[in-house]
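Colleague: Sequence:
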Amino acid sequence: MVRVLFILMLGTLLSCLPTSASAEEALALSTTHPFPLERSGTLMIAKSTDFPAPQDIRTWLNKQKPIPAVNLYGGQYWLYNEIRHNSNNRDWAITIDNTLIDRMEVRVYGSDGSVQAFQSGYQHQLDFPLHYGKRVHLAPGLTYRILIHFDSPYFRAHPHFELLPAAKYSQRAMVENLVVIGCMGALLALCLFNLFIWTQDRDRSRLFYSLYLLTYATAWALVFHIPTTLFDFRDLRWHYVPFFLMPILNTLFYVDFLKLKINQPALANWNRINYGLPLLFLPSCFIAPSYAHALATIAITVWLVLALISGITAWRQRFRPARYFILAFVALVIPGLLILPSNIGLPELIDQTQMWALVGGTLDALLLAFALADKITLLSEQKDHYLRQLNDTLELAHTDSLTGLRNRYAFNQMVGQRFRFLANMEDHNQQILILIDLDGLKRINDQYGHNTGDELLKQFAKGLQKLDQHYDASFRLGGDEFAIFSRAPHEPSLREGLATLEQRLIEYGFNEAGISYGLAYSHECATPDALFDCADTRMYLHKTSKKRRREDIAVADVI
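Those letters in the sequence shown? Residues -23 to -1, 1 to 536, by mature numbering (1 follows the signal peptide of the UniProt record, and there is no 0).
Since the hints were derived computationally from the structure, they do not count as laboratory data.
Just to be clear, a hint being listed does not mean it is correct.
[Claimed, not checked] List of simulated lysine to any residue pairs, SDA-like, C-alpha gap at most 20 Å:
| id | residue 1 | residue 2 |
| --- | --- | --- |
| 1 | Lys145 | Arg67 |
| 2 | Lys443 | Ala476 |
| 3 | Lys523 | Gly474 |
| 4 | Lys236 | Arg181 |
| 5 | Lys524 | Tyr498 |
| 6 | Lys236 | Gly87 |
| 7 | Lys435 | Gly455 |
| 8 | Lys435 | Leu471 |
| 9 | Lys439 | Asp449 |
| 10 | Lys435 | Leu379 |
| 11 | Lys524 | Leu475 |
| 12 | Lys443 | Glu468 |
| 13 | Lys236 | Arg179 |
| 14 | Lys419 | Lys524 |
Whole structure, please, built from the sequences with the hints as guidance.
Modeller: Here it is as structure tokens:
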């Protein structure tokens, strides 16, 4: 009985131990879905880079130590799997997604004795641009044992090894490359455009925004191995340098853009963390590259949190462009929430997190451009508002408060700005100045009070405004003096209108009121002062002639 129990317990323990796949346990490939090699395979720590001979694989596997997952801080590993190929498709691809692989070497052992070998990774040439995938040929009806050796000083996330038809992988890689190149093009276009505008307006926030975009594009270009593909650049130590610079440049941008030093000095001081922390961590790229990705994750997380707090604070203070700023960082945070967990070893929520993070960053850049444009619109609206206020103030400064006509200051400006005194101008183009004196105002003020005198001035101004179709501008120069600018063809209408207005003042009850005026042509005078003196002299002549006429009438009545 004890022996039976011992055998059962031993069998249970052995069944719990991880075992490598055997030919009988080989899984069938599917042409419709990628085959995940790491999920059904055996992951082992690599103590050497020597591959076993085909006949020694089973013995070799028994000597290895299986592990559940790679260490994100780097190392060398083996991955083993067996697959059964029953489809007619011969062209397949082994791919690694979602992480950095420095070197990878693969052996594919066929049950027919064939052996395929190839290399991939950051330090090797790639079959598919910007992708680690390698082509492999599988004959129908055979079983294949796949052994992969890979190593890296660090892993951005747990590597995904897949086996899928080469045509599907080629199509997927092309779509992903189009997305990556499109995002890079958008980032660089926004960067250059805003740099050009900065050369014109010298807005510091626009300069920091452009430098941030350049750094962001460089960071993701390194992630997707664009410099490696174009320039054969293969130095991993520089990969996280732009990721540490991004928080610094972006913080410089939004501290200036949101005016935190003016509106929220305490919050601006807190944002200094985004300067010190990345600079503190940056040397890890060169002295401890295995930890650079984890330290960059910490620095970026702190930056995103402080940026969102700053944006929300500015938005609550009714800074309108902050709405685009908040949306921009939401667009950056959402894919960040998907990619950052995988950087610290947590399960990934979606595939291709790096590509979606780049898309989110591009949307972030676009929304920040909207925020800058909205800031310009806001400044333009504020400028227009101030100009309207200034115009209203100037209008008040140019307006006589009692009559609503323009005042002496406006008259002097118009004389200096509008009048051109040219002796050889045609008569129909000549401008005329009419100076008007409201007779009897002082006597009415003395006899009936200033309220009655003010009413006389108002009635006269209203009557004068009804003649506006015959003149360019009318003014109250002060006291009982008025002026009109007009043109020669309107002279008869103005003389008739002033005579009618004088009669209406009498009808309104101002029996002692009268209108005296003098008219001068621009071609008669060489200067504005001469024009004014000429009109003034003729006005007094008119006043004197009216006075003599009244005296003659009075004498005749007495006789």
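Colleague: Each hint: holds or not?
Modeller: Do the hints match the structure? See the list:
1. Proposed proximity of Lys145 and Arg67 is supported: the alpha carbons are some 13 Å apart, at most 20 Å.
2. The suggested pairing of Lys443 with Ala476 holds, with an alpha-carbon distance near 13 Å, which does not exceed 20 Å.
3. Between Lys523 and Gly474 the alpha-carbon distance is near 17 Å, which keeps this suggested pair within the 20 Å criterion.
4. Taking the CA atoms of Lys236 and Arg181, the gap is near 11 Å; set against the 20 Å cutoff, the hint holds.
5. Under the criterion of a C-alpha separation no larger than 20 Å, the hint pairing Lys524 with Tyr498 is inconsistent with the structure, at around 25 Å.
6. For the given pair, Lys236 sits about 66 Å from Gly87 by alpha-carbon distance, which is inconsistent with the 20 Å threshold.
7. Note on Lys435 and Gly455: the hinted pairing holds, with a Cα-Cα distance of about 13 Å set against a maximum of 20 Å.
8. With a CA separation close to 19 Å, the supplied pair Lys435 and Leu471 stays within the 20 Å bound.
9. Between Lys439 and Asp449 the CA atoms are separated by roughly 16 Å; this keeps the pair inside 20 Å, and the hint holds.
10. Our distance criterion of 20 Å between C-alpha atoms is met by Lys435 and Leu379, whose separation comes to about 7 Å.
11. Between the alpha carbons of Lys524 and Leu475 the distance comes to roughly 17 Å, so the proposed pair stays at or under 20 Å and holds.
12. Note on Lys443 and Glu468: the hinted pairing holds, with a Cα-Cα distance of about 15 Å set against a maximum of 20 Å.
13. Between Lys236 and Arg179 the alpha-carbon distance is near 16 Å, which keeps this suggested pair within the 20 Å criterion.
14. The suggested pairing of Lys419 with Lys524 holds, with an alpha-carbon distance near 16 Å, which does not exceed 20 Å.
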